[in-house]
Structures are given as C-alpha cells and as structure tokens.
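Throw the hints in and build the complete structure from the sequences for me.
For reference, the chains in residue letters:
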Amino acid sequence: MLPYILRRLATGLLMLVALSMLVFILLRLAPGDPIDAYVNPNVAMSQAEMDALRTRLGLDQPLPIQYLAWLQAAATGDLGYSIQRNGVRVLPLVLERIGPTILLMAAGLAIAIVTGIAAGILSAVRRNSPTDIGFSVVAFIGISSPAFLTAILGLYLFSVVLHWAPSGGMLTPGAPFSVSDLLSHLILPACLLSIGHAALIMRYMRASLLEVLNQDYVRTARAKGVKEFWVIMKHAVRNALLPVVTLIGSTIGIAVGGAIFIESVFNWPGMGLLLINAVDTRDYPVIMGATLIIGACVIVVNLLTDIAYAAVDPRIQVA
Amino acid sequence: MQLKALTRTISVAAFLGATALTTAAAAQEQKTITGGFDVGPGGFQGNFNPLAATGGFTWLNVYFEPLVNYNADLTAIDGALATEYSVNADKTEYTFKLAKETWHDGKPFTSKDVKFTVDLAKNGETGTVFAARLNAVSSVETPDERTAIIKLSRPDAGFLATLTKLMILPEHALAGTTPKELATSTWWATKPVGTGPFKFKQYVTDQYVELVADDDYRLGRPKVDRVINRYFKNTAAAVAALRAGEIQFTYVEPDDVAVFKDNKDFHVIEGQSFVVNYLGFNQQVPLWKDVRVRQAVMHAIDRQAIIDSLYGGAATAANCGYVAKQLVPEGLNPYQYDPAKAKALLAEAGWDKINGNKPVTWLTYYNTPQAANVMAAVQAMLAQVGINVVPRVVDTPTYNGIIYAGNPDFSQFPLVYAGLQNGPDPLGINIGLNAAQKPPAGANFLRIDMPELTKALDAALAETNPQQLDARYQDVCKAMNANLPWATMWVANRYGVASTKLKDFVWVPAPAGGPYSAHPEKWSIEK
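Heads up: the protein sequence lines correspond to chains A and B, in order.
If you read the first sequence in the working numbering, its first letter stands for residue 1, the second for the next number, and so on.
If you read the second sequence in the working numbering, its first letter stands for residue 1, the second for the next number, and so on.
I should point out that these hints are in silico values taken from the structure, not numbers from a laboratory.
Each residue gets a CB set at the ideal place from its N, CA and C atoms; glycine is no exception.
Keep in mind that the hints are not guaranteed to be accurate.
Said to hold, decoys possible - Here are a few chain A residues that face chain B, going by a calculated C-beta distance under 10 angstroms:
1. Leu149
2. Ile152
3. Leu155
4. Ile307
As the list claims (entries may be wrong) - Per label pair, the in silico range of CB-to-CB distance:
5. Pro176/A to Gln468/B: 45 to 51 angstroms
6. Pro146/A to Val390/B: 38 to 44 angstroms
7. Leu210/A to Thr186/B: 36 to 42 angstroms
8. Val300/A to Gln30/B: 41 to 47 angstroms
9. Asp395/B to Ile141/A: 28 to 34 angstroms
10. Trp164/A to Lys501/B: 17 to 23 angstroms
11. Asp105/B to Ile141/A: 55 to 61 angstroms
12. Leu303/A to Asp225/B: 50 to 56 angstroms
Unchecked claim - Output of the computed footprint for chain A on chain B, the stretches with three or more beta carbons under 8 angstroms from beta carbons of chain A:
13. 77–86
14. 202–215
15. 300–309
Below, the structure written as structure tokens:
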C-alpha cells in the first residue's frame with residue numbers, strides 16, 4: 001500500500017507542476033496584464049508610472065524566468081503576493097478561503113439532501129396527487145433555473161424586499177463573532193445553493209422509490225400487516241436510497257460551480273469569490289495560487305477515495 | 001442562613017444582570033457608519049498603499065491626510081495637514097506651515113515626515129505613481145518641526161493638485177523598511193498609522209475595513225465611533241445592501257437613481273463626473289487626418305437628443321475637453337446637429353477615396369447597458385451620413401492592453417469611445433493630448449500631434465499666475481474645439497445615495513474618489 005501511495009503522491013506532484021505551467025501559459029496568452037487591469041482608462045497614467053509598477057511586480061522579466069521564479073518560490077510554500085491587494089500573501093489568502101467554501105457547500109448540500117429526499121418520498125407515496133404535481137413543477141423549475149438567476153432573485157426577494165436575511169458577507173462587519181450571526185448570513189445563500197441539487201435529488205428519489213414500491217418484498221410487508229408508514233420508511237426508502245447516494249456523491253463536484261455564483265452574488269468570502277475577483281483583475285499570483293490549492297485538494301481527495309475503495313473492497317488491487 | 005444565601009444569590013444575580021445590561025447598552029451606543037465607500041469608478045477596493053493608489057481616495061482620506069486638499073466643491077485647494085502655505089515669486093518654492101497633530105500611535109507629526117513622504121513618493125522602487133508627477137521637485141527642506149519647504153527646479157501648475165493626492169506617511173513607523181519592501185509590505189493593510197480623524201482597526205480580506213474614532217484628532221473627536229467600508233463585487237450588490245438597510249451610503253449607477261429619488265429614506269447626491277466622453281480619432285490612421293472628416297463626425301451626432309433621451313438630461317454637452325463654466329470661452333463652434341453639412345464635409349474631404357467601403361472598428365471599454373444604447377444611437381447617426389462604424393466592447397484590461405501595447409496594432413483602435421478626467425485639475429487631460437506625451441513618454445495613445453493644442457497645453461502647464469490660469473485653459477479649450485483631436489460628446493453626472501439618517505455627511509463624485517475635505521469627524525448618524 002505504501003509504495004502505491006508514494007507513487008500516487010509523486011504523480012500528483014508532477015500533475016500540479018503541469019497544471020501550474022498550463023495555467024501560467026493560458027493566463028499569459030490572454031490579452032492584457034495586471035497593469036492593464038490596474039489602470040483606470042479615465043485617469044491617464046504615464047508609461048513611466050506603468051513601467052515602475054511593472055518592474056515592481058516582476059512583470060518586466062521574460063516569461064520563462066517569471067515562471068521559474070514563481071515555481072522556485074512555490075516549492076518553498078511562498079506563492080507570492082496578491083497584485084491587487086497590496087502586501088497580502090497569496091498562501092494564507094487562499095487557505096483562509098477554503099473554510100467558508102466548505103461551510104457553504106456543506107450547508108447547501110445538507111439542505112438539498114434533507115428537502116430533496118423528503119419531497120421525493122412524499123411525491124412517490126402520493127403519486128399523481130396535487131402534492132406530487134406541485135413538487136414536480138417546483139423541481140423542474142429548480143433544475144432548469146441557472147444558479148446566478150436564483151441567487152439574484154432570492155437576494156432581491158428575501159433580503160431587499162422582505163429583510164429576512166442579510167444581503168451579503170459572512171459576518172456582520174465589525175461585530176463580535178457569534179454563531180447566530182454566522183447562521184443568519186449562511187441560511188439564504190445555502191438555501192439558494194441547495195435548490196438545484198434538491199430538485200435533482202427529489203426526482204431521483206421519487207423515481208427510485210416508485211420502482212421499489214412495486215417490488216415483491218414491499219407487497220409482502222404490506223400483506224403481513226405492517227403499517228404503511230413503516231413499509232415506506234423501513235422497507236422501501238432504505239433500498240430506494242442507494243442510487244440517490246451515488247447521485248449525491250457526484251453532486252459535490254457540481255456544487256463547486258454553483259457555489260462560485262452564489263459566493264459572487266452574496267459576497268461570501270470563499271474560493272469562488274476569490275477566483276472570480278482575481279480573474280477580473282488579472283491578479284496572476286492569486287489565480288495561480290488558488291488553482292494550485294484547488295488542484296492539490298482534488299488530487300488528495302481522489303487518492304483518499306481510491307485508498308478507501310481498496311480498504312472497503314479487497315477485490316480492488318492498488319499495487 | 002438560608003435567607004442569607006438567598007439574598008447573596010439575588011444580589012450577585014442583580015449585579016451580573018445590571019452589568020450585562022450596561023454592557024449591552026454600551027454596545028448599542030457605539031455609533032457606526034457603514035458604507036460602500038470604494039464602490040464605483042472612484043473606488044479602489046483592496047488598495048491600502050496611497051503611494052500606489054490610482055483611486056479610492058474617498059476612503060484613504062478618512063485615515064490619512066495630505067498637506068493640502070481640495071474643498072468639497074472641488075473649486076479651490078485649501079490647507080489640510082498644512083495650516084497655511086505660501087509660494088515665492090517665481091513659483092519654485094512652496095513653504096508649508098504644519099498643523100500640530102499626532103500620529104495615531106501618539107508620536108508627533110513633524111516636517112521630517114513631509115520630507116520622508118516626498119522622498120518616498122519620488123522613489124520608483126516603492127511602486128509609487130507619483131515619481132513622474134513630482135519630477136519638478138528638487139529638494140525638501142525642514143528648517144524647523146512645523147515648517148517644510150518644497151523646492152522645484154521649474155514652475156509646475158499642477159504641483160498643488162498632485163500634493164492633494166500625496167498622503168503624508170509616518171517616518172518613525174516606516175523608516176526601517178526599505179522602499180522596495182514597502183511596495184509589498186503588510187503594514188498598509190494591518191497596522192497603518194495616519195493622522196486623519198479615524199484610526200485603522202482591521203481589514204477582513206475582501207469583506208470590509210473598520211476604522212475607529214481618533215479621540216485626540218486636532219479638529220475634534222469624531223461624532224461616530226466607527227466607520228466601516230464594506231466591499232462589494234459590483235454596484236448592484238451594494239445597492240441591495242443599501243436598500244436592505246445594511247449600509248448607509250454607496251455610489252450608484254445612473255439607472256438606479258430612479259429607485260431612490262422619491263424615497264424619503266434616501267438622499268440622492270448628484271454631481272459632475274469630471275470625465276469627458278469622446279470619440280477618439282487615432283491619428284496613425286489616415287481616415288482622420290483631414291479636419292473636415294472630424295468635423296463631419298461632430299455634425300453627424302445629435303448629442304442633445306442622446307443626452308435628453310438616454311441620459312435623462314443628466315449630462316452636459318461638451319465642445320472641448322471641459323464643461324466647467326470658467327474654462328469654456330465664448331464663441332466656440334457648437335457643432336450643431338446637421339447631417340447634410342456632415343455629408344457635404346465628407347464629400348469635400350473625399351471620404352469615399354479615404355475609406356472605401358470598409359467599416360471602422362469602434363473600440364470601447366464601456367460595457368454598461370446605457371453605453372450600449374448610446375453607442376447604438378451614435379452608430380445609427382453616423383451611418384446616416386455614410387460613416388460605417390462597428391462597436392467592439394472589451395473589458396478594461398483588454399482595452400488597456402490594446403491601446404498601451406508596446407508595438408500597437410492601430411487597426412484595432414482606429415476609433416475609440418472613451419473618457420478622460422478633466423478636473424478638478426484641468427491639466428489632467430494634458431497626458432492624453434500633448435504631442436510630447438505620445439507613447440512611450442505618456443498616455444497620448446491616439447498619437448495626437450496638433451501644434452496649436454500642444455502649445456496651449458504647454459502654456460497652461462507653465463502658467464504661474466493663478467489669475468491667468470483659467471485663460472490658459474480656455475486657450476486649450478479653443479484649440480480642442482478647432483482642431484478636434486476628439487469628437488467631444490458630453491460630461492455625464494454621477495450619483496451617490498446616502499441614508500437620510502446620515503447627518504453632515506459629505507460625498508462628492510470626484511475623479512478617483514478625490515480626495516477633498518470631506519470632514520469625516522463631523523459625520524454623524526441618527527438612530
């Protein structure tokens with residue numbers, strides 16, 4: 001097992017270097033550089049001023065040298081400084097954003113799982129009833145609404161019109177930390193993030209449960225006189241959940257994309273917002289750093305998954 | 001015994017309860033103003049280093065201070081950290097008498113800090129944007145703690161305007177850091193020390209900056225305890241927070257003004273943007289060499305119709321780079337809307353022979369819905385006289401990348417739709433129009449080389465008599481109006497919206513956010 005893990009880690013490291021090189025090249029192929037993003041076209045800056053900035057940021061060096069300098073520093077854990085945020089180091093900046101993203105995603109997925117499964121069960125049990133049709137209509141709207149649209153509409157309705165939740169941020173500025181404050185900021189973006197996933201889970205749960213409800217063992221349970229509630233919860237739902245669990249696993253990846261929109265609309269200080277801002281302002285060091293850390297997370301999670309599979313199912317060979 | 005224990009318990013409980021109530025009351029009494037001070041074109045979110053700042057002065061000016069500052073009308077430059085200043089006869093020696101003030105860490109502010117700051121701002125290693133602007137400074141002398149004398153090698157009409165943006169920095173806190181380290185120092189965003197009415201407390205990355213009142217500020221303790229600057233990804237998010245009651249002030253786009261105009265909870269602040277919008281003719285492209293073609297463009301566009309219908313009247317037509325009354329002379333050509341005249345001028349200039357049937361790319365970084373409507377209207381009006389332009393909208397970095405390229409492809413920007421700041425220092429446009437400012441020397445990316453205009457700009461630059469200055473700017477205006485380096489369109493208004501709870505709050509739609517004397521120590525807020 002150990003040689004396998006070491007080999008995978010070494011491959012992962014090479015992949016990270018390749019990823020950083022690819023991102024670096026793609027960034028430099030795109031038009032404009034950080035100085036161009038820095039300059040307000042309405043306020044003319046002289047070439048000398050721009051050159052001074054370019055020199056300070058090391059952008060006057062040839063590209064391979066810029067890349068090698070970055071790589072050398074990155075190897076020692078130094079991902080450089082953000083260009084747009086004066087004096088802010090990239091590594092701590094990126095690391096402090098992982099927590100809020102995980103919090104938002106976890107809350108969003110938890111809400112999606114609970115509501116999606118509950119709605120799916122109700123729909124299946126009351127097949128073709130107004131409840132079922134109502135849930136189905138809502139689910140179709142949820143699946144087909146893009147994340148940015150639900151985010152903006154939700155913000156407008158619940159924050160601007162109804163004043164039920166704050167319009168953005170993770171904590172009240174300047175207030176001491178409290179869990180209730182965090183939750184009040186989290187609830188709206190998490191609910192909006194959950195809509196699409198909840199709708200998907202609901203449809204899967206409904207279909208899967210309907211299939212199970214026609215199985216012989218369900219009929220047997222009913223014939224034995226088991227109460228309908230327990231027939232559904234104990235016999236049917238447990239079996240119907242299997243495909244849904246697989247779906248939830250694959251949803252996590254999609255959730256990252258949705259989280260980027262939600263973070264941007266709600267100013268949620270996570271990785272998504274950081275990346276979008278960095279791309280907007282051509283903040284190369286932050287783009288490179290964030291991509292590297294996300295890449296590292298993906299590689300580690302994949303490795304852990306493979307190891308877990310091997311541990312759970314001895315038939316899978318890892319050597 | 002039991003009674004005693006009970007009494008003691010009740011007493012302790014009462015004491016704790018009272019303490020809790022007092023604490024809660026004290027917490028409630030903390031007066032805080034929260035705003036989106038860095039939202040919109042004058043802002044510069046995440047920037048904390050005034051030496052490298054090209055905007056965001058609305059906020060920087062709440063905790064740092066320059067020697068001199070514009071008044072809130074942006075019409076005159078008054079003392080700030082300098083209580084008074086005098087200039088010698090040949091305008092090469094500026095003597096500043098300094099205010100008695102302490103830095104936020106309690107150390108005294110002296111003339112040495114002024115010398116230290118000017119020297120830093122001239123040193124390119126700090127990443128300063130002031131090096132070129134302070135070119136004329138030859139030395140700074142400090143005869144005593146309360147006097148600083150800045151000597152220039154030649155008169156510079158824009159010198160005081162530059163000083164309004166130069167925030168004075170503490171020598172005692174920064175002398176140990178090399179200029180190069182200063183450019184990336186975390187000091188700016190973690191523990192900056194200024195002289196302004198509010199002290200830096202904390203920056204929560206990309207979320208907000210919190211300042212607290214400086215109790216011994218020389219102009220009196222601020223009326224509120226805290227000022228918080230919240231960051232927003234865009235204006236729409238800030239407007240949502242304003243309407244939700246979470247902030248009390250933000251810049252808003254003109255489209256949003258209608259929402260607030262008749263709402264008694266908000267106060268709309270309207271003012272000039274000081275940015276003249278123009279169609280810029282790239283002089284490297286033969287199309288625009290003949291002044292009759294440029295005149296035809298002016299006559300072909302019904303500017304007033306666009307102002308009335310698309311700006312709702314909230315813009316002023318510009319016949320040169322300026323619209324401020326004192327800078328615009330009588331007798332300018334108003335270039336009335338006259339498509340027939342435009343056609344005749346084009347025919348005279350032999351437009352068919354210059355252009356053939358090729359469409360002209362019209363490059364811009366303006367990407368708002370309003371700009372799209374304006375450009376569609378102008379495109380249709382130009383098409384009516386036979387000028388076929390095709391708008392190309394790109395993001396700001398791409399635009400800058402195209403126009404400032406070392407070896408530019410002129411066919412990518414034969415015509416631009418852009419804006420350039422024309423105030424409060426009217427010489428701001430020199431860098432984009434003077435022949436001496438053609439790249440790589442300056443930002444005259446359209447390669448405008450019109451001797452009459454350059455001469456007028458140079459004369460204004462060297463003018464040392466303040467009474468004569470307006471006349472010099474009028475000459476610049478006349479030269480622009482006659483030579484048409486740009487087809488000048490209008491200067492649009494800009495808007496901020498403040499909650500009516502805010503009292504004595506000063507905000508001005510100044511280019512790059514100012515700075516100007518906003519007197520944050522007087523701002524207050526009603527419950």
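Now the hints, each set against the structure:
1. Leu149: Violated. Min distance 14 angstroms.
2. Ile152: holds (8 angstroms)
3. Leu155: Since the shortest Cβ distance to chain B is 6 angstroms, the answer is holds.
4. Ile307: violated (34 angstroms)
5. Pro176/A to Gln468/B: 45 to 51 angstroms: Taking Cβ atoms as reference, Pro176/A and Gln468/B lie about 58 angstroms apart, which means the hint is violated.
6. Pro146/A to Val390/B: 38 to 44 angstroms: violated (30 angstroms)
7. Leu210/A to Thr186/B: 36 to 42 angstroms: Because 59 angstroms falls outside the window, the suggested range is violated.
8. Val300/A to Gln30/B: 41 to 47 angstroms: holds (44 angstroms)
9. Asp395/B to Ile141/A: 28 to 34 angstroms: holds (33 angstroms)
10. Trp164/A to Lys501/B: 17 to 23 angstroms: holds (22 angstroms)
11. Asp105/B to Ile141/A: 55 to 61 angstroms: holds (57 angstroms)
12. Leu303/A to Asp225/B: 50 to 56 angstroms: Holds: the Cβ-Cβ distance is about 51 angstroms, inside 50 to 56 angstroms.
13. 77–86: violated (count 0)
14. 202–215: As far as the stretch 202–215 of chain B goes, the hint holds, because 6 residues have Cβ atoms under 8 angstroms from chain A.
15. 300–309: violated (count 0)
Hint compliance for this structure: hints 1, 4, 5, 6, 7, 13 and 15 are broken, all remaining hints hold.
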